[in-house]
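Those protein sequences? They're chains A and B, same order as listed.
The working numbering applies: residue 1 is where the first sequence begins, and numbers increase by one.
The working numbering applies: residue 1 is where the second sequence begins, and numbers increase by one.
Hints should not be assumed to be uniformly reliable.
Where chain A lies over chain B, by a calculated footprint (3+ residues, C-beta under 8 Å) [claimed, not checked]:
no., stretch
1, 104-117
2, 234-245
3, 402-413
Below, in silico cross-link-like pairs of lysine-lysine (DSS-like), each with a Cα-Cα straight-line distance of 27 Å or less [claimed, not checked]:
no., chain 1, residue 1, chain 2, residue 2
4, B, LYS213, A, LYS412
5, B, LYS30, A, LYS377
6, B, LYS377, B, LYS403
7, A, LYS307, B, LYS388
8, B, LYS138, B, LYS213
9, A, LYS93, B, LYS93
10, A, LYS138, A, LYS307
11, A, LYS377, B, LYS249
12, B, LYS21, B, LYS249
13, B, LYS4, A, LYS55
14, A, LYS453, A, LYS377
15, B, LYS62, A, LYS9
16, A, LYS138, A, LYS213
17, B, LYS377, B, LYS453
18, B, LYS377, A, LYS249
19, A, LYS55, A, LYS21
20, B, LYS9, A, LYS75
21, B, LYS365, A, LYS30
22, A, LYS9, B, LYS93
23, A, LYS377, B, LYS265
24, A, LYS30, B, LYS453
25, A, LYS21, A, LYS307
26, A, LYS388, B, LYS30
27, A, LYS453, B, LYS30
28, A, LYS264, B, LYS377
29, A, LYS30, B, LYS93
Since the hints were derived computationally from the structure, they do not count as laboratory data.
A quick note: this is a predicted structure, and the numbers were derived from the prediction, not measured.
The C-beta atom is built at its ideal place from N, Cα and C for all residues, glycine as well.
Number of protein chains: 2
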Amino acid sequence: MAQKPSIPKGTRDFSPIEMAKRNYIFNTIKDVFLLYGFQQIETPAVENLCTLMGKYGEEGDKLLFKILNSGDFLKSAPDDMLNQRDCQHLTPKICEKGLRYDLTVPFARYVVQHRNELQFPFKRYQIQPVWRADRPQKGRYREFYQCDADVVGSDSLVNEVELISLIDEVFSRFGINITIKVNNRKVLSGIAEMIGAPDKIIDITVAIDKIDKIGIENVNAELIEKGISEEAVEMLQPLLNLTGTNEEKFKTLEAMLGNSPTGKKGIEELRFVFNNVANLSPRATVELDVSLARGLNYYTGTILEVKANDVAMGSITGGGRYDNLTGVFGMDGVSGVGISFGADRIFDVLNTLNLYPADTCATTKVMFTNFGDAESKAALNIVMKLRKAGIPAELYPESSKMKKQMGYADAKQIPYVAMVGESEIANGTVTLKNMATGEQSELSIEQLIDALK
Amino acid sequence: MAQKPSIPKGTRDFSPIEMAKRNYIFNTIKDVFLLYGFQQIETPAVENLCTLMGKYGEEGDKLLFKILNSGDFLKSAPDDMLNQRDCQHLTPKICEKGLRYDLTVPFARYVVQHRNELQFPFKRYQIQPVWRADRPQKGRYREFYQCDADVVGSDSLVNEVELISLIDEVFSRFGINITIKVNNRKVLSGIAEMIGAPDKIIDITVAIDKIDKIGIENVNAELIEKGISEEAVEMLQPLLNLTGTNEEKFKTLEAMLGNSPTGKKGIEELRFVFNNVANLSPRATVELDVSLARGLNYYTGTILEVKANDVAMGSITGGGRYDNLTGVFGMDGVSGVGISFGADRIFDVLNTLNLYPADTCATTKVMFTNFGDAESKAALNIVMKLRKAGIPAELYPESSKMKKQMGYADAKQIPYVAMVGESEIANGTVTLKNMATGEQSELSIEQLIDALK
Numbered sequence: 001m002a003q004k005p006s007i008p009k010g011t012r013d014f015s016p017i018e019m020a021k022r023n024y025i026f027n028t029i030k031d032v033f034l035l036y037g038f039q040q041i042e043t044p045a046v047e048n049l050c051t052l053m054g055k056y057g058e059e060g061d062k063l064l065f066k067i068l069n070s071g072d073f074l075k076s077a078p079d080d081m082l083n084q085r086d087c088q089h090l091t092p093k094i095c096e097k098g099l100r101y102d103l104t105v106p107f108a109r110y111v112v113q114h115r116n117e118l119q120f121p122f123k124r125y126q127i128q129p130v131w132r133a134d135r136p137q138k139g140r141y142r143e144f145y146q147c148d149a150d151v152v153g154s155d156s157l158v159n160e161v162e163l164i165s166l167i168d169e170v171f172s173r174f175g176i177n178i179t180i181k182v183n184n185r186k187v188l189s190g191i192a193e194m195i196g197a198p199d200k201i202i203d204i205t206v207a208i209d210k211i212d213k214i215g216i217e218n219v220n221a222e223l224i225e226k227g228i229s230e231e232a233v234e235m236l237q238p239l240l241n242l243t244g245t246n247e248e249k250f251k252t253l254e255a256m257l258g259n260s261p262t263g264k265k266g267i268e269e270l271r272f273v274f275n276n277v278a279n280l281s282p283r284a285t286v287e288l289d290v291s292l293a294r295g296l297n298y299y300t301g302t303i304l305e306v307k308a309n310d311v312a313m314g315s316i317t318g319g320g321r322y323d324n325l326t327g328v329f330g331m332d333g334v335s336g337v338g339i340s341f342g343a344d345r346i347f348d349v350l351n352t353l354n355l356y357p358a359d360t361c362a363t364t365k366v367m368f369t370n371f372g373d374a375e376s377k378a379a380l381n382i383v384m385k386l387r388k389a390g391i392p393a394e395l396y397p398e399s400s401k402m403k404k405q406m407g408y409a410d411a412k413q414i415p416y417v418a419m420v421g422e423s424e425i426a427n428g429t430v431t432l433k434n435m436a437t438g439e440q441s442e443l444s445i446e447q448l449i450d451a452l453k
Numbered sequence: 001m002a003q004k005p006s007i008p009k010g011t012r013d014f015s016p017i018e019m020a021k022r023n024y025i026f027n028t029i030k031d032v033f034l035l036y037g038f039q040q041i042e043t044p045a046v047e048n049l050c051t052l053m054g055k056y057g058e059e060g061d062k063l064l065f066k067i068l069n070s071g072d073f074l075k076s077a078p079d080d081m082l083n084q085r086d087c088q089h090l091t092p093k094i095c096e097k098g099l100r101y102d103l104t105v106p107f108a109r110y111v112v113q114h115r116n117e118l119q120f121p122f123k124r125y126q127i128q129p130v131w132r133a134d135r136p137q138k139g140r141y142r143e144f145y146q147c148d149a150d151v152v153g154s155d156s157l158v159n160e161v162e163l164i165s166l167i168d169e170v171f172s173r174f175g176i177n178i179t180i181k182v183n184n185r186k187v188l189s190g191i192a193e194m195i196g197a198p199d200k201i202i203d204i205t206v207a208i209d210k211i212d213k214i215g216i217e218n219v220n221a222e223l224i225e226k227g228i229s230e231e232a233v234e235m236l237q238p239l240l241n242l243t244g245t246n247e248e249k250f251k252t253l254e255a256m257l258g259n260s261p262t263g264k265k266g267i268e269e270l271r272f273v274f275n276n277v278a279n280l281s282p283r284a285t286v287e288l289d290v291s292l293a294r295g296l297n298y299y300t301g302t303i304l305e306v307k308a309n310d311v312a313m314g315s316i317t318g319g320g321r322y323d324n325l326t327g328v329f330g331m332d333g334v335s336g337v338g339i340s341f342g343a344d345r346i347f348d349v350l351n352t353l354n355l356y357p358a359d360t361c362a363t364t365k366v367m368f369t370n371f372g373d374a375e376s377k378a379a380l381n382i383v384m385k386l387r388k389a390g391i392p393a394e395l396y397p398e399s400s401k402m403k404k405q406m407g408y409a410d411a412k413q414i415p416y417v418a419m420v421g422e423s424e425i426a427n428g429t430v431t432l433k434n435m436a437t438g439e440q441s442e443l444s445i446e447q448l449i450d451a452l453k
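Sequences and hints are given; from them, build the entire structure.
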């Protein structure tokens with residue numbers, strides 16, 4: 001009869017304490033979004049499958065959660081597909097809708113659908129869950145929140161500068177020391193152009209990234225093994241030795257890519273971004289990193305990634321510029337640049353470094369004990385006065401044993417317990433107990449409000 | 001090639017202005033929840049179908065959105081079901097998961113699954129979307145938010161008093177005048193007991209509700225038509241004439257139900273709630289309404305419903321007490337009482353009565369115009385100073401024509417525009433324009449911050 005309840009693999013319940021921490025994260029980010037002029041939108045969790053299919057590659061299509069049509073869902077299913085149990089071709093016949101896989105495609109759909117109501121440049125943020133039928137593993141969920149900000153309809157690099165500054169402000173509020181790594185797709189294209197191997201750009205960036213671990217000799221050997229010519233590897237040497245300040249790196253790149261118009265354009269863009277960001281004196285380290293190659297299948301300009309300096313963990317925020325966000329929905333010429341905060345990883349970093357502010361999980365400030373109907377009636381009147389003064393307060397609902405009532409206050413980490421018994425009612429007072437020190441004192445209502453404010 | 005993008009019927013996009021209004025609603029409610037000691041939880045959108053099926057009646061099972069299993073979803077589908085296109089029996093073979101239909105069943109599942117981590121009484125709130133494959137119509141959506149607060153693990157009527165007080169506080173913050181109608185399932189059971197027709201309780205409450213519209217004669221005729229005996233209709237007359245103050249209604253009920261132990265218990269519970277609520281001097285009208293019969297298939301004690309006094313609209317909040325929330329998941333003896341705010345209807349009421357605070361949709365306070373690279377670099381430094389002072393500010397990202405830049409500020413309803421040109425850079429000043437009055441003045445940075453604070 002009774003089921004042992006559970007939730008699907010890769011999904012999570014969030015307890016009050018986890019919610020308090022998540023709210024702290026999202027509220028901090030929202031406050032900064034607002035300060036930078038971003039506006040919130042929400043789109044439905046359920047989109048038409050035709051909006052989602054084909055946008056994330058073949059693998060992505062498989063990872064979409066599809067929703068079975070209601071009622072007689074087999075009415076459009078051809079006999080032969082059923083007989084052959086042809087799941088792949090049956091799916092579109094029995095499912096019209098799916099759960100969103102990310103916030104970017106629904107946003108592109110939103111921009112096209114509402115183009116006439118929007119003022120461009122449009123600066124939007126969106127914090128909502130997404131769903132992926134990925135194999136669940138540590139740190140990878142089937143349902144998780146994304147937290148994105150994008151500016152669309154503006155080519156200006158000022159947007160990149162603003163987004164980097166925004167990232168700096170968010171992590172500075174969190175107290176997390178970060179390095180913002182910045183690259184530009186055009187620099188990578190310039191390198192590929194220069195050595196005549198545009199298809200090898202991933203191999204090259206992977207190799208550059210390994211130098212610290214395996215040394216330059218091994219990296220060169222690996223490049224040759226990947227099919228890059230000895231001549232090209234020779235040309236890549238300055239890139240593999242790219243160290244020093246951002247300015248030194250820029251100099252090396254300029255010398256290397258002087259003959260590549262695309263490469264030069266990439267360096268020029270990077271220089272604009274670095275100059276203007278430096279002008280704002282960010283607290284974060286902002287670092288030119290030519291090995292940064294995330295999202296190469298959609299980013300067309302700036303690429304950026306954030307790492308926490310004091311915790312070994314992957315990227316905690318990423319983003320970049322894309323040339324044609326909305327083309328797939330029939331609206332060309334809308335360029336954009338966006339970032340995405342990794343809420344789950346930020347949650348873990350804040351836990352690891354114990355950086356949550358002391359009052360993050362604060363709930364009720366004072367619990368009134370319950371001595372019975374008459375006393376609780378009096379207590380409730382005082383509880384209401386505290387709430388009017390903005391103090392979260394509650395009355396224990398039952399006149400249970402004191403031990404049980406105190407246990408509740410303890411478990412909920414309520415710092416004060418107030419008692420209103422016969423003598424307090426007669427005196428118009430409250431006895432207040434500090435749960436940490438055990439200290440107790442009899443106060444007037446005004447004194448009580450002052451003590452708890 | 002390009003698709004004309006759209007979203008599924010019954011779902012919605014929320015624009016920045018709609019989001020601002022919705023955030024105002026949810027934040028107001030959240031603030032009050034916190035003040036009353038409720039803690040937030042979240043559960044996954046996707047639940048195992050076995051958690052959801054059978055909890056909402058046969059009709060409800062049909063209205064669940066089911067998620068197609070990934071990969072070879074037909075592997076457990078028997079041949080005969082496929083051949084007979086037996087959709088009903090195939091569904092559980094090809095779908096293991098579904099979207100939550102409400103917040104109550106997932107909450108019951110949560111309580112049972114996490115019983116050892118929870119401190120009872122557990123006061124939780126939850127604000128999340130739910131999905132129903134209902135036929136969409138005006139005001140009815142397939143994806144919509146619910147906003148619930150419940151206390152579980154306590155039989156005390158103090159919880160009812162607190163929830164009514166909480167409702168009063170929420171709507172008083174909204175500026176919506178309301179009537180909170182309260183009834184008790186046990187009173188209805190008592191009436192049914194008294195006239196010997198327990199199955200007719202819905203017919204009776206529907207009839208009582210119609211008296212103002214069709215008059216007592218017609219109501220009596222309707223009751224006879226529904227198969228209630230003339231004798232019973234005679235006994236019901238005091239109930240049909242139930243008018244006057246709550247106290248007068250109580251007196252009539254007590255006289256009528258004096259011989260029904262269940263009815264007497266219901267009256268006693270109602271009296272406790274009304275006395276204790278009156279003691280808190282609520283701003284709302286709190287009214288005893290024996291025609292209130294919502295949720296009779298699960299509420300076992302208090303039933304309540306909120307109507308806006310100044311707008312013709314259905315219930316904008318409702319709730320009640322249920323005896324055995326978690327029994328279906330194998331954990332008996334957990335009683336609870338809860339309320340649910342109707343966010344969509346509250347949204348409509350606030351719109352109709354124009355009650356949103358003036359700054360609900362406020363975004364950026366000041367936009368800096370962009371006169372080119374050098375000027376925008378200087379402007380960005382000032383923008384950062386404003387943000388540090390907590391003033392939402394942005395720089396228009398491109399050095400477009402002034403008309404276009406001003407059009408952006410206008411469309412986004414930004415109240416001030418700031419200009420930093422050559423002369424302002426030389427003077428260390430900013431020219432500030434009030435977009436409403438057209439007034440312009442040259443200010444130092446300190447003066448600017450003061451003017452915008």
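Going through the hints against the structure:
no., hint, verdict
1, 104-117, "holds (count 6)"
2, 234-245, "violated (count 0)"
3, 402-413, "holds (count 4)"
4, LYS213/B with LYS412/A, "violated, 50 Å"
5, LYS30/B with LYS377/A, "holds, 25 Å"
6, LYS377/B with LYS403/B, "holds, 21 Å"
7, LYS307/A with LYS388/B, "holds, 24 Å"
8, LYS138/B with LYS213/B, "holds, 25 Å"
9, LYS93/A with LYS93/B, "holds, 17 Å"
10, LYS138/A with LYS307/A, "holds, 19 Å"
11, LYS377/A with LYS249/B, "holds, 23 Å"
12, LYS21/B with LYS249/B, "violated, 40 Å"
13, LYS4/B with LYS55/A, "holds, 15 Å"
14, LYS453/A with LYS377/A, "holds, 23 Å"
15, LYS62/B with LYS9/A, "holds, 24 Å"
16, LYS138/A with LYS213/A, "holds, 25 Å"
17, LYS377/B with LYS453/B, "holds, 23 Å"
18, LYS377/B with LYS249/A, "holds, 23 Å"
19, LYS55/A with LYS21/A, "violated, 33 Å"
20, LYS9/B with LYS75/A, "holds, 20 Å"
21, LYS365/B with LYS30/A, "holds, 16 Å"
22, LYS9/A with LYS93/B, "holds, 18 Å"
23, LYS377/A with LYS265/B, "holds, 20 Å"
24, LYS30/A with LYS453/B, "holds, 20 Å"
25, LYS21/A with LYS307/A, "holds, 20 Å"
26, LYS388/A with LYS30/B, "holds, 15 Å"
27, LYS453/A with LYS30/B, "holds, 20 Å"
28, LYS264/A with LYS377/B, "holds, 23 Å"
29, LYS30/A with LYS93/B, "violated, 43 Å"
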